Each structure stands twice: as C-alpha cells, then as structure tokens.
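Asker: Please model the entire structure based on the sequences and the hints provided.
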Amino acid sequence: MLTKRIIPCLDIKNGRTVKGVNFVNLIDAGDPIILAKQYAELGADELVFLDISATLEGRKTMLDMVLKVAEQVNIPFTVGGGISSVADVDLLLKSGADKVSINSSAIKRPELVNELAEKFGNQCVVVAIDAKQIEGEWRVHLAGGTIPTELNLFEWAKEVERRGAGEILFTSMNNDGTKAGFANEALVKLSTELNIPIIASGGAGTVQHFVDTFKIGKSDAALAASVFHFGEIKILELKQALKTHLIPVRL
Amino acid sequence: MKIIIIDYGAGNIKSIQFAFKRLGFEAVLSHNIDEIKAADKVIFPGVGEASSAMKMLQQSGLDAVIPTLKQPVLGICLGMQLMCNFSEEGNTKGLGIFDVAIKRFSSAVKVPQMGWNVISNLKSDLFTGIKENEFMYLVHSFYAEDCTEAIATTNYERPYASALRKDNFYGVQFHPEKSGVEGSKILENFLRL
Numbered sequence: 001m002l003t004k005r006i007i008p009c010l011d012i013k014n015g016r017t018v019k020g021v022n023f024v025n026l027i028d029a030g031d032p033i034i035l036a037k038q039y040a041e042l043g044a045d046e047l048v049f050l051d052i053s054a055t056l057e058g059r060k061t062m063l064d065m066v067l068k069v070a071e072q073v074n075i076p077f078t079v080g081g082g083i084s085s086v087a088d089v090d091l092l093l094k095s096g097a098d099k100v101s102i103n104s105s106a107i108k109r110p111e112l113v114n115e116l117a118e119k120f121g122n123q124c125v126v127v128a129i130d131a132k133q134i135e136g137e138w139r140v141h142l143a144g145g146t147i148p149t150e151l152n153l154f155e156w157a158k159e160v161e162r163r164g165a166g167e168i169l170f171t172s173m174n175n176d177g178t179k180a181g182f183a184n185e186a187l188v189k190l191s192t193e194l195n196i197p198i199i200a201s202g203g204a205g206t207v208q209h210f211v212d213t214f215k216i217g218k219s220d221a222a223l224a225a226s227v228f229h230f231g232e233i234k235i236l237e238l239k240q241a242l243k244t245h246l247i248p249v250r251l
Numbered sequence: 001m002k003i004i005i006i007d008y009g010a011g012n013i014k015s016i017q018f019a020f021k022r023l024g025f026e027a028v029l030s031h032n033i034d035e036i037k038a039a040d041k042v043i044f045p046g047v048g049e050a051s052s053a054m055k056m057l058q059q060s061g062l063d064a065v066i067p068t069l070k071q072p073v074l075g076i077c078l079g080m081q082l083m084c085n086f087s088e089e090g091n092t093k094g095l096g097i098f099d100v101a102i103k104r105f106s107s108a109v110k111v112p113q114m115g116w117n118v119i120s121n122l123k124s125d126l127f128t129g130i131k132e133n134e135f136m137y138l139v140h141s142f143y144a145e146d147c148t149e150a151i152a153t154t155n156y157e158r159p160y161a162s163a164l165r166k167d168n169f170y171g172v173q174f175h176p177e178k179s180g181v182e183g184s185k186i187l188e189n190f191l192r193l
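As they're listed, the protein sequences go chains A and B. Counting with my numbering, you get residues 1 to 251 for the letters of the first sequence. Counting with my numbering, you get residues 1 to 193 for the letters of the second sequence.
Hints in this document: simulated from the structure, not taken from any laboratory. Bear in mind the structure is a predicted one, so any value in this text is a computation, not a measurement. All C-beta atoms, glycine included, are put in the ideal place defined by N, C-alpha and C. It is possible that some hints are incorrect.
Calculated cross-link-like contacts (lysine-lysine; reagent style DSS-like; alpha-carbon spacing at most 25 Å) [as the list claims (entries may be wrong)]:
1. A:68 to B:185
2. B:166 to B:37
3. B:131 to A:243
4. B:166 to B:55
5. B:14 to A:13
6. A:13 to A:94
7. A:60 to A:108
8. A:119 to B:70
9. A:94 to B:55
10. B:103 to B:2
11. B:21 to A:68
12. A:68 to B:14
13. B:14 to A:119
14. A:218 to A:158
15. A:60 to B:21
16. B:21 to A:94
17. A:119 to B:55
Simulated restraints, written as ranges between beta carbons of each label pair [what the hints assert, rightly or not]:
18. A:137 to B:108: 22 to 32 Å
19. B:31 to A:149: 41 to 51 Å
20. A:60 to B:22: 20 to 30 Å
Just so you have them, the derived chain A footprint on chain B, three or more residues with Cβ under 8 Å [unchecked claim]:
21. 18–26
22. 41–49
23. 109–117
24. 173–180
Answerer: Quick look at the structure:
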C-alpha cells in the first residue's frame with residue numbers, strides 16, 4: 001500500500017539553513033547536507049529545500065548544495081524558490097534534484113507548468129500554492145504569501161493539474177506558524193477534486209495534527225519545518241503514532 | 001568493474017551515479033555503442049515521456065543494441081518500461097525484451113503514484129537480503145501488468161509487476177538509487193550478478 005509521506009522542509013539562504021535549527025547533537029546545525037542526511041536516517045520520506053536567497057550568488061550556492069545533497073542523501077528531494085524558467089529547472093535536475101517546486105512564476109506565466117511537464121515529465125513538477133481564506137474564499141497569494149491575487153485556490157489548483165503539475169504543495173497562510181493544525185477542510189476539497197497527490201503545509205504543532213490531516217484532510221503527504229527542526233516532534237515517534245491510527249507509513 | 005549508465009538524454013542520471021559512488025564504484029555515462037557492449041554492467045535509466053525517450057534511443061541506434069547485450073542490464077523506471085513490448089504512453093512500441101504491456105493507472109487512484117510502497121513476491125538474486133514487503137520509492141503513472149517475468153509485485157489500484165527479469169535483463173519500476181539503505185542493497189546485488 002502506498003504510504004503517507006512525512007516531509008521536513010529546510011529554508012536555505014546562501015547555502016545555509018536558516019530559522020535556527022536546534023537538532024539532536026549536530027556539530028553544525030546550519031549545514032543543510034548534515035541535516036538532510038540526519039533526516040534521511042531518522043525516517044523522513046522526502047525533503048524539501050526552499051531557497052530564500054535573494055541574490056544571484058546565493059542561487060549559485062544553491063546549485064552546489066543540491067549537488068552535495070544528491071551525492072550524500074539517498075531519499076528523494078524537491079528544490080523550490082526563485083525558479084522561473086526551463087533552464088533553471090534543467091540545471092537543478094542535472095545537479096541531482098528529483099523534483100522542483102514553482103510558485104509565483106507559475107502564477108505570472110502559467111504556461112511554465114506545461115513547458116516543464118513536457119520537457120521533464122509531470123512527476124518532477126510540484127506547484128506550490130500559498131493561499132489565505134478571506135471572507136470565506138480561499139485566495140491564492142504571491143511572493144511568499146504577501147500579495148493577494150484574484151485566483152481562487154481550487155480553480156488554480158485544477159488549472160495547474162490540467163497543465164501538467166504532478167503534485168500540489170498547499171500552504172494555508174491562515175494556519176502557517178500557528179501550530180494549531182493543518183487546513184483540513186480546504187485539503188480534503190483539493191484531494192477530492194484533483195487526481196494528483198496533495199502535500200499539506202502550514203499549521204503542524206502536534207502529532208494529532210498529522211493524524212487529522214491524513215484522516216480528515218485526505219492529504220497524501222504532510223510538510224513541516226520548526227516542529228521537526230526543534231525536535232518538538234520526532235519523525236520516528238510521529239510515524240509510530242500514525243501507524244497506531246492505522247495510517248499507512250514507512251517504518 | 002566497468003559500470004556504464006546509458007546516456008541518451010533521458011532522466012536524472014546524477015542520482016544513479018551518486019548511488020554507485022556511495023557504494024564505492026564509479027559508473028560512467030556513455031552513449032558509445034562499443035563502450036556499452038564492453039561494459040560489465042549496464043544501467044538503462046529514464047524518466048519523462050515514453051515516446052520521446054524511445055525516439056532518442058532510435059536516433060542513437062541504441063534501440064537495436066540494448067536487446068543484444070549479454071551482460072547484466074538493469075532498467076530503472078521508464079528504462080524498465082521501454083524494455084517491454086508496448087506502452088500506452090504515446091502508444092509507444094518498446095524494445096520487446098519483456099513480454100508485457102505498460103498501462104496507465106485509472107483515475108480511481110491518484111496519478112502519478114508518488115511515494116513509498118512495498119515490493120512483494122520477490123523472486124531473484126537481485127533481492128538477496130531484501131525482506132518481503134520492503135519499502136521502495138516510486139514515481140510513475142504507467143505500470144507493467146503482472147506477468148510470468150515478474151520478480152516483484154506492488155499493489156496500487158491492482159497488483160502489478162514492479163520488477164521484471166528475463167535472462168540477463170532486469171527491470172525495476174522503483175528507484176533503488178532513492179530508496180535509502182535497502183535500495184542501495186539492490187544496486188549492490190546487481191553488481192554481484
């Protein structure tokens with residue numbers, strides 16, 4: 001049976017992890033490669049690296065990091081942040097990334113999704129969507145969730161699926177950072193209306209939140225950052241708990 | 001030992017190269033027919049779309065060479081699918097090494113299947129030291145039907161062949177290079193064949 005995936009997300013700036021990572025006995029908690037290896041050993045199913053570098057130099061450092069992760073880590077990983085062209089993706093995949101995640105660039109130019117799917121296959125195209133519920137409507141936001149658009153979450157998700165996205169990474173801005181649980185109502189609607197995998201993001205605080213997003217939200221995978229980085233939730237214990245709730249996991 | 005990864009422009013081959021490097025072996029990329037024929041072990045990778053991958057194989061003449069190879073050959077993901085008779089993806093005629101057709105999962109399940117699923121009914125030296133129902137990483141929208149050449153099966157919508165073997169030819173639908181320590185064991189087993 002296909003299992004539900006647990007995905008730690010690492011924010012990378014100029015080749016280093018940011019947001020402070022306070023993790024079991026690490027010599028260098030800012031080194032994304034050491035962290036990635038450790039997460040792979042601790043049972044993470046996949047990893048996401050989000051490049052938040054604003055400079056060209058920072059982006060070049062990202063490519064070196066991707067190459068090193070591919071060299072040393074034996075589980076799949078996705079790279080996102082600042083990707084806006086077929087050439088960007090070509091470089092990342094050639095450096096060993098398994099999937100890429102695009103967000104604002106897809107909103108600005110939706111054809112990019114088609115181009116990437118045709119050239120590299122749907123399986124490596126993840127479309128990340130940041131959305132916020134405003135007066136009952138889920139509105140897609142741009143630029144890390146700062147600029148609202150006219151797009152409706154569900155319409156946009158269906159459009160990128162049609163255009164060839166292989167997966168949706170949905171971050172609820174209402175939930176992100178609250179540690180109050182995932183946006184399961186929106187997630188279950190996405191999961192039911194679309195036929196590609198949905199990754200839940202934003203709101204993870206407790207083990208029960210993961211149980212709920214798989215059971216109620218029908219998510220295929222759940223992504224979180226700080227609860228893993230600060231050791232508040234241990235991946236192995238999380239997976240054992242999911243298993244006792246009869247949620248299929250890789251243990 | 002000379003390990004060649006067939007380079008025909010399809011797929012993320014870096015990961016496969018690195019997986020062998022972690023095992024202490026150098027795997028070389030090549031599209032040179034003589035070099036491929038002379039290798040001890042041949043890896044046939046592939047991600048992307050079947051008909052365009054097949055076209056790239058034909059342009060380089062590799063479509064005629066691969067079925068004549070005598071050393072152990074391992075097709076991975078789309079590589080395995082192209083070794084079959086036919087694929088529904090782009091109505092593509094395959095290399096015909098494995099006597100089975102490639103079909104698309106129906107919309108009763110999420111497509112692609114993406115993530116970790118188990119391999120069962122293991123029947124080959126490729127799986128020495130691998131326990132029944134071990135987890136492997138898979139990403140695919142098309143599958144090989146269960147058949148007599150299956151050496152492993154996986155269940156998604158229905159049981160299908162997640163690994164195939166005929167003589168010196170092996171194919172795996174999953175990505176051993178991305179399947180942690182157990183996946184790495186399978187690559188090591190392949191080198192021992």
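Asker: Hints first: check each against the structure and report whether it holds.
Answerer: Consistency of the hints with the structure:
1. Of the supplied pair hints, the one linking residue 68 of chain A and residue 185 of chain B holds, its CA atoms being roughly 21 Å apart against a limit of 25 Å.
2. Of the supplied pair hints, the one linking residue 166 of chain B and residue 37 of chain B holds, its CA atoms being roughly 18 Å apart against a limit of 25 Å.
3. This hinted pair checks out: residue 131 of chain B and residue 243 of chain A have alpha carbons roughly 20 Å apart, not beyond 25 Å.
4. Simply put, residue 166 of chain B and residue 55 of chain B have alpha-carbon atoms about 24 Å apart, close enough for the 25 Å limit, and the pair holds.
5. Annotation: proposed proximity of residue 14 of chain B to residue 13 of chain A holds, straight-line Cα distance about 24 Å (limit 25 Å).
6. For the hint linking residue 13 of chain A to residue 94 of chain A, the alpha-carbon distance of about 21 Å falls within 25 Å, and the restraint holds.
7. Proposed proximity of residue 60 of chain A and residue 108 of chain A is supported: the alpha carbons are some 23 Å apart, at most 25 Å.
8. The hinted pair formed by residue 119 of chain A and residue 70 of chain B fails the criterion: a straight-line CA distance of about 32 Å is larger than 25 Å.
9. Taking the CA atoms of residue 94 of chain A and residue 55 of chain B, the gap is about 21 Å. The hint holds against a cut of 25 Å.
10. Proximity of residue 103 of chain B to residue 2 of chain B is assessed by CA-CA distance (about 34 Å); at most 25 Å being required, the pair is judged violated.
11. Restraint check: the Cα-Cα separation between residue 21 of chain B and residue 68 of chain A comes to about 12 Å, which is no more than 25 Å; the hinted pair holds.
12. Restraint check for residue 68 of chain A and residue 14 of chain B: the C-alpha separation of about 11 Å stays at or below 25 Å, so the hint holds.
13. Simply put, residue 14 of chain B and residue 119 of chain A have alpha-carbon atoms about 17 Å apart, close enough for the 25 Å limit, and the pair holds.
14. Between the alpha carbons of residue 218 of chain A and residue 158 of chain A the distance comes to roughly 17 Å, so the proposed pair stays at or under 25 Å and holds.
15. Straight-line distance between C-alpha atoms of residue 60 of chain A and residue 21 of chain B comes to about 24 Å, which keeps the hinted pair within the 25 Å bound.
16. A C-alpha spacing of about 17 Å is found between residue 21 of chain B and residue 94 of chain A, which places the hinted pair at or below 25 Å, so the restraint holds.
17. In summary, the hint linking residue 119 of chain A to residue 55 of chain B is supported, as the alpha carbons are separated by about 14 Å, within the 25 Å threshold.
18. About 31 Å separates the C-beta atoms of residue 137 of chain A and residue 108 of chain B, a value consistent with the hinted range of 22 to 32 Å.
19. Distance hint check for residue 31 of chain B and residue 149 of chain A: the Cβ-Cβ separation is about 45 Å, which falls inside the suggested range of 41 to 51 Å.
20. Separated by about 25 Å at the C-beta atoms, residue 60 of chain A and residue 22 of chain B satisfy the suggested range of 20 to 30 Å.
21. With 4 residues having a Cβ less than 8 Å from any Cβ of chain A, the segment 18–26 of chain B passes the three-residue criterion, so the hint holds.
22. A stretch counts as covered by a chain when three or more of its residues have a beta carbon under 8 Å from one of that chain; for the segment 41–49 of chain B and chain A the count is 3, and the coverage holds.
23. Counting residues of the segment 109–117 of chain B whose CB falls under 8 Å from any CB of chain A gives 8; the rule of at least 3 is met.
24. Under a criterion of three residues with beta carbons nearer than 8 Å to beta carbons of chain A, the stated coverage of the segment 173–180 of chain B is upheld, 5 such residues being counted.
The earlier numbered hints that this structure contradicts are 8, 10.
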